Amino acid sequence: MNNMWKRTAQEGLWFVGGSFSNCRIFSRYVALQIKAIEEGLMQD
Amino acid sequence: MSVANQPIVAEPAVQPATVLVEQWLARLDVALHGASQASVASLFAPDGHWRDLLAFTWSITPCQGADAIAALMVSKQASTKARGFAIAKGRTPPRRAQRAGVDVIEGIFRYETGIGRGFGVVRLLATDPTRAFQLMTNLHELRGFEERTGKRRPTGEAYSRNFGGTNWKDQRISSERYADREPTALVVGGGQAGLTVAAALGHLGVDTLAKPSPQKSGRSGAWAGMAR
Numbered sequence: 127m128n129n130m131w132k133r134t135a136q137e138g139l140w141f142v143g144g145s146f147s148n149c150r151i152f153s154r155y156v157a158l159q160i161k162a163i164e165e166g167l168m169q170d
Numbered sequence: 021m022s023v024a025n026q027p028i029v030a031e032p033a034v035q036p037a038t039v040l041v042e043q044w045l046a047r048l049d050v051a052l053h054g055a056s057q058a059s060v061a062s063l064f065a066p067d068g069h070w071r072d073l074l075a076f077t078w079s080i081t082p083c084q085g086a087d088a089i090a091a092l093m094v095s096k097q098a099s100t101k102a103r104g105f106a107i108a109k110g111r112t113p114p115r116r117a118q119r120a121g122v123d124v125i126e127g128i129f130r131y132e133t134g135i136g137r138g139f140g141v142v143r144l145l146a147t148d149p150t151r152a153f154q155l156m157t158n159l160h161e162l163r164g165f166e167e168r169t170g171k172r173r174p175t176g177e178a179y180s181r182n183f184g185g186t187n188w189k190d191q192r193i194s195s196e197r198y199a200d201r202e203p204t205a206l207v208v209g210g211g212q213a214g215l216t217v218a219a220a221l222g223h224l225g226v227d228t229l230a231k232p233s234p235q236k237s238g239r240s241g242a243w244a245g246m247a248r
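Order-wise, the sequence lines are chains Y and F.
This note's numbering numbers the first residue of the first sequence as 127 and each following residue consecutively.
This note's numbering numbers the first residue of the second sequence as 21 and each following residue consecutively.
It is worth saying that the hints were derived from the structure and are not from the lab.
In this text the structure is predicted, and so the values were computed from the model without any measurement.
Derived CB-CB ranges, DEER-like:
1. F/LEU229 <-> Y/THR134: 15 to 21 Å
2. Y/ILE151 <-> F/GLY176: 25 to 31 Å
3. F/ALA106 <-> Y/ASN148: 28 to 34 Å
4. F/SER99 <-> Y/PHE141: 22 to 28 Å
5. Y/GLY138 <-> F/GLY222: 14 to 20 Å
6. Y/ILE151 <-> F/SER99: 21 to 27 Å
7. Y/GLY138 <-> F/ASP200: 17 to 23 Å
8. Y/GLU165 <-> F/ARG192: 21 to 27 Å
Every residue gets a Cβ at the ideal spot worked out from N, C-alpha and C, and that includes glycine.
Using the sequences plus the hints, can you model the full thing?
Here is the structure:
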């Protein structure tokens, strides 16, 4: 659970899962994180 | 003495929920602008909670306690540059409610950061509306990389008049082949989690290849039966 929907110790490896509502809500945040990394917008 | 004859007692003046939330947001704006840890801490109940979804921390880990929240928020504000806190139009307006057994004033607000826009929910203590019991802040979208939905959805104009040229399906088939490039993101598993993440990545324009889980070969994910 601690590694879901956010960056993990292994760069580029993401874990997602859970209920349908969880997936609908948090998929946006995974996509935003990946997009921000790709565009060089994530600062830490 | 009948009820009708009892003197009318004036109710203590109750501030409208909207005014209280506006005042709190304005104080947050000033406190963050001044990078004042003490001012930020004074905006939260001592046992207050803060859930940030990427906007400040690039993580989703909750934070508890006014001092811890203030320290984290102020330390991240230098890079976040959160500003322009205002009640979100078109959303449920601020109202009184009971949350987790606590009487609160709940307001949905929007704000800007250095790289995007966010929404938030604040629950002020009804007993002390200058302090937040719970706060959520999110990063809703990145400026310049808004989701390709609504008016931003690809129209197909580029190829719809190109008679004899490739159409949507041709382009789709050739794109899926990944003959000339590698995908940026690989989604393993075609269930609800894989599909929603792949769709969200697609809306942001991240080149994504979604594959059903190898353990389920022959059945491509939990929703395969419905998709066919």
